[in-house]
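Build out the structure end to end from the sequences listed, making use of the hints.
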Amino acid sequence: MSKRINYKQEKRLKELERQQKKKKKEARKKLKAEENGTAGENSNDTVAPRPADD
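Under the working numbering, the first residue of the sequence shown carries the number 1, and numbering increases by one thereafter.
Keep in mind the hints are simulated off the structure, nothing from the lab. Treat each hint with caution, since some may be false.
[Stated by the list, open to error] Computed cross-link-like contacts, DSS-like style, restricted to lysine-lysine with a CA-CA straight-line distance of at most 27 Å:
(1) Lys11 / Lys22
(2) Lys32 / Lys22
(3) Lys3 / Lys24
(4) Lys22 / Lys8
(5) Lys21 / Lys32
(6) Lys8 / Lys21
(7) Lys8 / Lys23
(8) Lys30 / Lys14
(9) Lys24 / Lys14
(10) Lys14 / Lys3
(11) Lys29 / Lys8
(12) Lys30 / Lys8
(13) Lys11 / Lys21
(14) Lys25 / Lys14
(15) Lys32 / Lys11
(16) Lys8 / Lys25
(17) Lys11 / Lys23
What follows is the structure, given as structure tokens:
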């Protein structure tokens, strides 16, 4: 019976760790976006906009 409880605890711990990792990753993404001056959540705007044709 104790093995079953340990299994459930381990499963829960791994799930919590996965969620924390995800939050850290998103926070890092947001911080990087702010540094680059892009506001978009999933923006990869590293290329400058094309100049308008005259």
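Here is what the structure says about each hint:
1. Using a Cα cut-off of 27 Å, the hinted pair Lys11 and Lys22 holds, with the two alpha carbons roughly 17 Å apart.
2. Distance hint between Lys32 and Lys22 is fulfilled; the C-alpha atoms sit about 15 Å from each other, no more than 27 Å.
3. The hinted pair formed by Lys3 and Lys24 fails the criterion: a straight-line CA distance of about 31 Å is larger than 27 Å.
4. Proximity of Lys22 to Lys8 is assessed by CA-CA distance (about 21 Å); at most 27 Å being required, the pair is judged to hold.
5. For the proposed pair Lys21 and Lys32, the alpha carbon gap of about 16 Å is at most 27 Å, so the pair holds.
6. In summary, the hint linking Lys8 to Lys21 is supported, as the alpha carbons are separated by about 20 Å, within the 27 Å threshold.
7. Taken as a hint, the Lys8 and Lys23 pair is honoured in the structure, with Cα atoms around 23 Å apart against an allowance of 27 Å.
8. Restraint check for Lys30 and Lys14: satisfied, since their Cα atoms lie roughly 24 Å apart, inside the 27 Å limit.
9. Proposed proximity of Lys24 and Lys14 is supported: the alpha carbons are some 15 Å apart, at most 27 Å.
10. Among the hinted pairs, Lys14 with Lys3 is consistent with the structure: their alpha-carbon atoms are about 16 Å apart, no more than 27 Å.
11. Pair hint Lys29 plus Lys8 does not hold up; C-alpha atoms about 32 Å apart against a cutoff of 27 Å.
12. Under the criterion of a C-alpha separation no larger than 27 Å, the hint pairing Lys30 with Lys8 is inconsistent with the structure, at around 33 Å.
13. Of the pairs offered as hints, the one joining Lys11 and Lys21 holds, with about 15 Å between alpha carbons and a cut-off of 27 Å not exceeded.
14. For the suggested pair Lys25 and Lys14, the alpha carbons sit about 16 Å apart, so the restraint of at most 27 Å is met.
15. Distance check on the hinted pair: Lys32 and Lys11 sit about 32 Å apart at the alpha-carbon level, beyond 27 Å; violated.
16. Restraint check: the Cα-Cα separation between Lys8 and Lys25 comes to about 26 Å, which is no more than 27 Å; the hinted pair holds.
17. A threshold of 27 Å between alpha carbons decides the hint, and for Lys11 with Lys23 the separation of about 19 Å falls inside it, so the pair holds.
When each numbered hint is compared with the structure, violations occur for hints 3, 11, 12 and 15.
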